[in-house]
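Kindly generate the complete structure, drawing on both the sequences and the hints.
Protein chains: 2
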Amino acid sequence: MTHQLEPMLRPKSVAIIGASNTPSRIGGRPINAMKNAGYKGEIYPVNPNYETIQDLPAFASIQDVPKGVDCAIIAVAAKVAVQTLRDCADQGVKSAVMFTSGFAEQSDEGARAQREITGIAKESGMKIIGPNCLGVFNISAGWYGTFSNAPGALLHPPGSIGIVSQSGAYGAHVFAVSQLRGVRSNYWVTTGNESDVDVAEVIEYYAQNPEVKVVLAYAEGMKDADRVCRALEMARDAEKPVIFMKVGKTDAGAAAAASHTASLAGADAVYDALFKQYGVYRAETTEEFVDIAYACQFGNYPKGRKIDLQTISGGVGVQMADASVKYGLDVAPLPKATQKKLKELIPFAGVNNPVDFTAQALNDPKLMEANIEMTIEEADFDSHIVYLAGVPASPFTRDACREIFANIRKKYPDEVMMMSLIGPQDIVEPFEKMNIPCFEDPSLTVRAMAALTYFGEVFSRGRPDKPSALPKGALPAPVEPIAEHEAKKVLNSIGVPVTREELVQSAEEAVKVWQKIGGAVVMKIASPDILHKTEIGGVLLKLNSEKEVAEGYATLIDRAKKAKPNAKIDGVIVAEMVSGGVETVMGVVCDPVFGPAVMFGLGGVFVEVLKDVTFRLAPFGVDEAHRMINEIQGRAMLDGVRGAPPSDLNALAEALSKLSVYAAENADKIETIDVNPFIVLPEGAVAVDALIVPKGDAS
Amino acid sequence: MTHQLEPMLRPKSVAIIGASNTPSRIGGRPINAMKNAGYKGEIYPVNPNYETIQDLPAFASIQDVPKGVDCAIIAVAAKVAVQTLRDCADQGVKSAVMFTSGFAEQSDEGARAQREITGIAKESGMKIIGPNCLGVFNISAGWYGTFSNAPGALLHPPGSIGIVSQSGAYGAHVFAVSQLRGVRSNYWVTTGNESDVDVAEVIEYYAQNPEVKVVLAYAEGMKDADRVCRALEMARDAEKPVIFMKVGKTDAGAAAAASHTASLAGADAVYDALFKQYGVYRAETTEEFVDIAYACQFGNYPKGRKIDLQTISGGVGVQMADASVKYGLDVAPLPKATQKKLKELIPFAGVNNPVDFTAQALNDPKLMEANIEMTIEEADFDSHIVYLAGVPASPFTRDACREIFANIRKKYPDEVMMMSLIGPQDIVEPFEKMNIPCFEDPSLTVRAMAALTYFGEVFSRGRPDKPSALPKGALPAPVEPIAEHEAKKVLNSIGVPVTREELVQSAEEAVKVWQKIGGAVVMKIASPDILHKTEIGGVLLKLNSEKEVAEGYATLIDRAKKAKPNAKIDGVIVAEMVSGGVETVMGVVCDPVFGPAVMFGLGGVFVEVLKDVTFRLAPFGVDEAHRMINEIQGRAMLDGVRGAPPSDLNALAEALSKLSVYAAENADKIETIDVNPFIVLPEGAVAVDALIVPKGDAS
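The listed protein sequences correspond, in order, to chains A and B. With full-length UniProt numbering, the residue at position 174 of the first sequence is 174, and numbering never jumps. With full-length UniProt numbering, the residue at position 229 of the second sequence is 229, and numbering never jumps.
The set of hints was computed from the structure by calculation and includes no laboratory data. Any given hint might turn out to be false.
[To be verified] What follows is a set of in silico ranges between Cβ atoms, one per label pair, in the way DEER data are often shown:
| # | chain 1 | residue 1 | chain 2 | residue 2 | range |
| --- | --- | --- | --- | --- | --- |
| 1 | B | His532 | A | Gln505 | 45 to 53 Å |
| 2 | A | Gly518 | B | His532 | 32 to 40 Å |
| 3 | B | Glu344 | A | Lys122 | 32 to 40 Å |
| 4 | B | Glu123 | A | Glu373 | 46 to 54 Å |
| 5 | A | Lys340 | B | Lys562 | 52 to 60 Å |
| 6 | A | Phe275 | B | Val479 | 53 to 61 Å |
Small disclaimer: the values here were computed from a predicted structure and weren't measured. Where is the CB? At the ideal position from N, CA and C, for every residue including glycine.
Set out below in structure tokens:
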């Protein structure tokens, strides 16, 4: 089935409404650009004041143009733009690119007009991009539905990159920078106010378009969670890397985002969760954004993290090794036997990893070939970086370098290899043609290889594991906030382990429960009116005799009555005493765009001081939960510190996954869940306290 | 007084020993380069086989050259190189650049020969750089004492940058990359094996040479701590930024560093301490190294952290705001009145900060000028970044842009201003001439401004505060390890507060001490043979009656005798019970190169799991101690969490400074000190346990 954006991004016929005879004007630029680029479809300039426009016959109105045009460019004033769109829809135009501004970004009145546009798109099925956008282009088709200067930055033939940017100015910026970096883009789309088509829909289009192999996306916020998730999933299934710049990370940034667009920025932690979950690479700077895209366009992804570093400078070898560790790659040593043979080739070489050819390689470049070949043959690396500085550019060594790498590539067509060198485009290009991406900065070469390794892992992992369904006896979401005992009943019903405990109404019952539990117990007052139990002395620890338990009951009731004479008292909770283990916290928050997200972190200072937490969108399986656990800073706590035994990570991961399933099933009913502390033991884990707050509860 | 490297780096006469007629050969390159560059001094080629070399009269040996040559280039084989050096020294040659390799980097024999070279330098006073180095150059003097290809990368007239690199290959790399980036270097020095002149001595030279304003330094390790500290201090006193790349950060990196050079890499934490203490900027990648140098060469440093961000794209504004927060800058909002006026100028602008001109500024560029002027006039920012993408390069807006910024610069010559734009060198240069550094990537523009702000703080701070001297009664360093009570006596004597406590030998004495302390006490067994007291039950808490204290004494003696019948028992410590406060750790380690360094961190998981510690070289004052305290991750703990009161930071800083003074005074006697825990209270602080280990103690 043809994607609904096909007529907009590969149109066979185009109408320009508000066409201009002047090639530099907004309504003239698309016509001029398409004529220059040899666009093969029909071009229909629409303007009632001219017979011909830029030597093409002009039409007085869209009604005069043959029906069923693929795409109309709307370059008319805001006051007539909505009616023009309606006319297009009536004429069976399949899509529209709206340059016109003056809508939601400008005033309430503009926002109302924009809602009309959304309505036209929905009713007619005509796809609309914009308003207030810089348009779209498709270089290989010669289709320039844009008035941006961006196409003027073109330096390379079109390749496999598709760019989509909510912001037109940033879209133009990134196109220019990426051309300078040797990134070969073909598609470029800016979505502006997103009255209909949004960034996610364009990603979806790229995911199914065989011309696009790598997606570069920029957004300040996203509004349609389902479409975003579906689009990212399609891209991952198609093994197309998505590199995303989502701005608005810090508070200062977020404030600027809110003032800039009408879009909802959402909590940044939730975007982080989304990107991790769908294997998206999140770039922090434009330079990183473009550098990773450059690396991805070669389409080779390492199968694992073992990296081989080869260098003509020991110092740069150290830099690359440092960077590899920073980016999570494994600078594994070469096999001892290989090290010995390399030493024989170049006596003063470093042979462990990094392999340092030394300047000797310049005197006899063939040594370099032998060195690299031996490393590929005898060791088992997933990727290779060779640092050569100016050697490939020097007239003395240029030809030898090319020959060496051509030989290596012929023998080992599938090895993932990058080069760090300094030289102009004519020096770099022969290596790029050998499928060897080239970088100037050695540390940033490593960063790019780490990005490819990340995508390699994402693609080989494929779709994440499915979470198990909720158990049959799962309790429904509460209608008012429930704490402690009631909340733990819910957790228990969905398979999240909780402390063994009972709510009792007398000292005798309390003693019976203590006997059943068999060991020291904790006793707590249970009252919906007493939230901070410890403040009134409402928690007693380590009670372990009939006398202690019976007296404890009386003490708690007494304290509660004294502290809050009118409090409703449900009784006293008698619970097993949990000792040892590592304190963690789990929770659920409800994002207005993406719905429930599950949080995980370690207790105490990790959460309170370091904010060391991570999120995932609900629901997710146990494997994803393990990835969450592995990415917190304090991860080592769970391996056991100060001689403590390691924690039961499976029990923890199971609990996170189950909580996520419950949150997803009750997405419309639950506002927040806190499970704090959730103690992970050497065997098993147990929720000690919990709070569940339903939606719409103002208390 | 003339610096001892003056003859090497600004020589009036040069001998090339091993001179070649062929301009491309090692012994021919310097002569060829100097002739092309119009070197004004005398050039004496030395080679017994020629009458003339490259049209200059040749000399058979250094003895035939006029005495007192400023610099000799040694380009002869290793086996005759040492004798050649000796001959130079005998002839009164003032300095030598040794290209020859085959010394410490190659073999033990080579290392012996290198020690001879060091000896010649010491005895004769002739300064020697190398062996195994790529040499030196000084572009403005036309002096090329190098056989590197680096000078071929020259693109700009010489400026104010001095480069020094231990590694020749990396030195050439960074010269090439920095030229591409528009960094105007003049001096370039590679130190190779550092038999005499090291990186630090060259920094010292740059610090006192008025031609150099910015220092770029690269090293894998350093050996002469005093010289390094002196050099960095001179540079800071002269307000010359030093940007340092010191590789070998991670374990993998450090292993590669050790295999590459004969130098001592030292613990990386100690280098971090050194750099922070002397206000050096540590770069992580070559790209960062060069980018910061580029920014520094304009010589304007902001006076504070308040940054004004102006942009033609809201999205990029958000990126820059995010980056500003990341790099510790303050994106302060504009005054409300100014915001209102800006809104009047551009109705749809973002006016808080970032200020978003919107595309309106392109239609009427003068609006931009008014905008920026108003911001400078009415708000109190320390720095400004203006993001303009391709606007300054577009033929429609190029001239207007130049005019606007020329006007602004004329009115406000001292405002620190940067621009983020895309365009070739001819577009960038006019702005550079207005003292506006230009960057492509908006986030990296912010990084560069943050670096300038860092140097601004370093320079305005000047020399750090001097620590107070040790008190008169300070105890000497111990001769064997001392723990707990004895160690705390030492701390107390140097002014570091410790728990009030006494060592007692009877239950009666114990009771007397308890009475004196007046409140609950802790009692601990004191025995040099029992290190892990808690394991044998040797610590009793919260004793607060005559009976408890007397019984406690008996219990502890009893437990100690049972657990270790032969242990020497000194008695029992009766100490005040410290409650509340924040647990921290302080310590001293002795670095083989830099001597004692003081560590600070928070106790518990912060040290054990997160390794959240920071170091400074001893001694240092209270202000430096405050900076240490402020840079740990868990800093917020000291402000009080969960309703705890804030900690007494002055008491903590005082203690760190005093410990540093003691460590420095006893640098040759003390191996390590641990003060753990050191509890910081709302008022005051107190060491609860400590251990001091002297040097040379193997126990």
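Here is how each hint holds up against the structure:
The given range of 45 to 53 Å is respected by B/His532 and A/Gln505, whose C-beta atoms sit roughly 48 Å from each other. A beta carbon spacing of about 33 Å between A/Gly518 and B/His532 agrees with the range 32 to 40 Å that was offered as a hint. Look at B/Glu344 against A/Lys122: about 38 Å separates their beta carbons, and that is inside 32 to 40 Å. Separated by about 49 Å at the C-beta atoms, B/Glu123 and A/Glu373 satisfy the suggested range of 46 to 54 Å.
The beta-carbon spacing between A/Lys340 and B/Lys562, approximately 58 Å, falls within the hinted interval of 52 to 60 Å. For A/Phe275 and B/Val479, the hinted distance range of 53 to 61 Å is satisfied, since their beta carbons lie about 59 Å from each other.
Of the numbered hints listed earlier, not one is contradicted by the structure.
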